[in-house]
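Trainee: Spelled out, the chains give:
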Amino acid sequence: MVAPNPVISVQDVSKSFRSVVAVDGASFEIDSGEIFGLLGPNGAGKTTLIRLILDLIRPDAGSIRIQGQPVSETHKDRIGYLPEERGLYFRQKVMAVLEYLGSLKGVPIERVRRNARDWLQRLEIDDLRSRPVQELSKGNQQKVQFIATVVSDPDILILDEPFTGLDPINVHLLVRSIRELAAEGKTVVLSVHQMALVESLCRRVFMINRGRQVLYGDLEEIQSRYSEPSFLVRSGADYQACELIDRFAGHNAAATVHLKQGVEPARFLRWLVESGAEVESFQRARTPLDEIFIRVVRDSS
Amino acid sequence: MSKVWAIARREFLVTVTRKGYLFTLFGLPLIMIGGLLAASLLSRETFRDSQANQGPAGVVDRARVLDFSLQAATGPTVSTSPLPAPGAGVHSRLVAYDDLDQALADLGTGDLSAVFLLEAGYLQSGDIVVYAAEKGIFSQLNQTGRRQLSALLRASLASGRLEEDAVARILTPGRFKEMQVSKQGRIRPEGNLLKRVGRFLGPFIMFFLLTISIFMSSGYLLQGIAEEKQNRVIEILLSSVTPTQLLMGKMMGLGAAGLLQVVFYVVLLVLPASLILTLMTLSLGQILLSLMYVVLGYLLFAGLMAGTGLLGNTSQESQQLSVIWTMTSMIPMFLVASLMQQPHSWLARSFSFFPLTAPVTMLLRLSTDEVPLLDVLISTAVLVLGIVLAVKGASRLFRTASLMVGKRPRLGEIYRWLKEA
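Which chain is which? The protein sequence lines are G and Z, in order.
Residue 1 is where the first sequence starts when you use our numbering, and the numbers rise one by one after that.
Residue 1 is where the second sequence starts when you use our numbering, and the numbers rise one by one after that.
Since the hints were derived computationally from the structure, they do not count as laboratory data.
A few of these clues could be false.
[What the hints assert, rightly or not] Here chain G is said to cover these stretches of chain Z; the calculated rule only asks that three of the stretch's residues, wherever they fall, bring their Cβ under 8 Å from a Cβ of chain G:
{"hint": "1", "region": "5-13"}
{"hint": "2", "region": "351-357"}
[What the hints assert, rightly or not] Okay, the calculated beta carbon distance ranges per label pair:
{"hint": "3", "chain 1": "G", "residue 1": "N42", "chain 2": "Z", "residue 2": "S338", "range": "56 to 64 Å"}
{"hint": "4", "chain 1": "G", "residue 1": "S19", "chain 2": "Z", "residue 2": "T328", "range": "30 to 38 Å"}
{"hint": "5", "chain 1": "G", "residue 1": "I169", "chain 2": "Z", "residue 2": "V323", "range": "19 to 27 Å"}
[What the hints assert, rightly or not] In silico contact screen, one side only, chain G against chain Z (beta carbon under 8 Å); selected entries:
{"hint": "6", "residue": "E85"}
{"hint": "7", "residue": "Y89"}
{"hint": "8", "residue": "I222"}
Yeah, the Cβ is synthetic: ideal placement off N, Cα and C, and Gly gets one too.
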């Protein structure tokens with residue numbers, strides 16, 4: 001599956017640490033301006049993949065290209081990285097940490113300051129700018145970590161578990177910010193364990209287990225592939241009276257309905273209308289991503 | 001370069017505002033000078049006390065050779081009164097007794113520190129019996145009393161038999177006036193004790209402060225890197241800069257902090273002190289070479305400490321590992337007396353040619369004497385080689401060890417990391 005305009009291209013990349021194969025022949029491409037989901041259980045090889053993309057470690061085999069060029073030190077200025085393990089200078093003040101980490105991307109300090117002030121306001125922690133990081137709550141430290149990633153205005157963002165420690169309000173705030181960044185044309189690589197967030201944010205995903213690629217592609221396609229022919233129906237119809245239905249779960253007002261083999265969805269919809277019941281909604285049921293995740297991990301282990 | 005500069009700037013500012021740094025900058029020299037002054041005052045007082053605490057000695061002269069009228073010629077320490085007047089202190093050292101039993105009784109009560117008995121045949125035998133109270137193995141059996149009695153005996157025996165001048169020279173054979181000749185042939189009178197001690201202590205204090213500067217600065221580097229590994233900032237830093245840029249920036253920033261310390265010591269403490277107390281006997285060449293060894297020593301230990309900082313999981317663990325380097329480099333300190341007495345011995349030269357011990361040894365030798373050019377060249381060459389290896393090794397470890405957490409690596413693992421990167 002080739003992205004039309006890949007910003008990151010990973011081809012047959014492998015990396016081992018002694019006898020442990022961390023990544024085994026991974027290949028994927030990430031398009032400009034998309035939010036790309038990098039999924040996998042703990043210890044699957046996600047962090048190794050991210051470190052390879054960042055050129056923190058070198059692959060044993062395969063190639064990684066960024067904006068068409070082999071990955072090198074020069075790309076570091078264009079990539080913002082939020083690692084899974086938080087890393088901040090806890091005794092220093094928030095603004096000083098942001099200025100320092102931003103300036104290491106080669107951005108003029110005035111611009112870093114302007115961006116930092118802007119982001120502190122956007123994430124509603126402007127009043128904390130002069131406080132030492134260690135005095136902040138975990139959630140606010142996480143927001144500072146996120147700002148440190150975007151403060152240099154990079155083209156590519158690699159976010160490894162960015163929602164850790166955030167309450168639902170702040171998760172919402174961060175989701176909105178990530179969407180805005182993608183809308184501005186930034187490419188976002190998102191590695192999270194909350195599959196609901198992946199479903200709401202990502203168009204395409206890559207999933208790795210035990211170093212090997214187990215899923216890759218358009219999220220909707222993947223979900224369709226793993227879904228049975230069933231429908232979510234909200235109506236007052238009496239499903240027990242319908243001979244097109246194999247089985248159904250839930251009560252009549254909201255039920256997941258499985259049709260018999262060979263029955264066309266349109267036939268069932270016609271039956272619904274003809275039954276005279278009021279139909280509020282009728283949609284194809286898609287298997288939730290967590291279910292696919294668990295099934296794929298179990299099958300590939 | 002701007003990234004290296006940004007790292008150096010931050011490291012410098014963070015370090016010079018650390019409490020530990022400020023304490024070393026201001027507190028350490030004050031403690032050292034205060035300690036030295038206190039030690040010299042204390043030893044002088046102890047010496048005086050030991051003199052003052054020795055009571056007078058009794059003399060029973062059965063040979064009839066002592067002329068107590070000559071006491072003044074032998075110094076103000078002889079008395080003919082049976083017992084010293086209260087508060088007479090050190091001025092009443094020898095007390096004449098006719099009766100040995102009386103003298104021994106006074107010794108028993110502690111009024112006398114010793115009793116000297118000159119038998120009738122003293123002139124032929126030269127024997128003098130000394131009675132002293134039991135005081136344990138460190139008792140000196142009244143050394144001062146012996147000196148006083150010897151002087152009085154010399155005066156009594158020579159008086160009337162020799163000319164007055166000869167008697168005076170027998171009592172005081174010579175008054176020594178010391179002159180000091182510098183390497184440039186300049187002759188000047190040897191100064192007082194303070195100046196003499198100062199001439200030794202000046203260079204030694206400078207050596208000590210310079211050595212501390214090397215290890216403090218490289219120690220901060222170790223601590224900083226270990227902390228960044230522990231709090232995971234290092235991964236973010238390496239996603240923005242190369243390992244070499246990070247190492248260079250840190251070495252520059254902390255080196256500048258160390259240099260500031262050295263300049264502060266030299267300009268604010270050593271220079272004024274040397275002007276006032278003639279503390280400094282070092283030539284400009286010795287001082288400049290010392291500064292060069294401070295820089296080389298710092299670079300070597302900065303490289304080693306940076307690498308070591310990456311190996312531990314916590315800063316404490318890294319500091320424990322770094323003891324290997326500090327202990328090895330401090331070996332010359334344990335042999336400081338021998339190295340200062342013989343700064344060109346084979347031992348001193350061997351230490352100068354081994355990278356880890358070279359900085360401390362060369363600083364020590366330079367604070368004692370001029371060092372032959374050949375020794376300077378060889379030690380500089382091995383130090384430069386050591387620096388190149390240490391910095392290269394540390395840069396490689398940044399790529400591998402900086403991201404590794406878990407148990408402490410074994411030697412084989414470290415070797416593989418160095419090879420892999």
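Trainee: Between the region 5-13 of chain Z and chain G, are there enough contacts, at least three residues with CB-CB distance under 8 Å, for the coverage claim to hold?
Mentor: Result for this restraint: holds, n = 3.
Trainee: That 56 to 64 Å hint for N42/G and S338/Z (C-beta), does it hold up?
Mentor: 59 Å, holds
Trainee: Holds or violated: the hint that Y89/G contacts chain Z, with Cβ atoms closer than 8 Å.
Mentor: 6 Å, holds
Trainee: Could one say that the CB atoms of I169/G and V323/Z fall in the range 19 to 27 Å?
Mentor: Given a distance of about 50 Å, which is not inside 19 to 27 Å, the answer is violated.
Trainee: Would you settle whether the hint for I222/G is holds or violated, based on the nearest Cβ-Cβ distance to chain Z being less than 8 Å?
Mentor: 30 Å, violated
Trainee: Holds or violated: is there a CB of chain Z closer than 8 Å to the CB of E85/G?
Mentor: Holds - the Cβ of E85/G comes within 8 Å of chain Z, reaching about 4 Å at its closest.
Trainee: So the hint says 30 to 38 Å: do the beta-carbon atoms of S19/G and T328/Z match that?
Mentor: 35 Å, holds
Trainee: For the region 351-357 of chain Z, count the residues whose Cβ lies under 8 Å from any Cβ of chain G; is that count three or more?
Mentor: Three-residue rule not met by the region 351-357 of chain Z, so violated; n is 0.
Violated hints for the displayed structure, listed by number in ascending order: 2, 5, 8.
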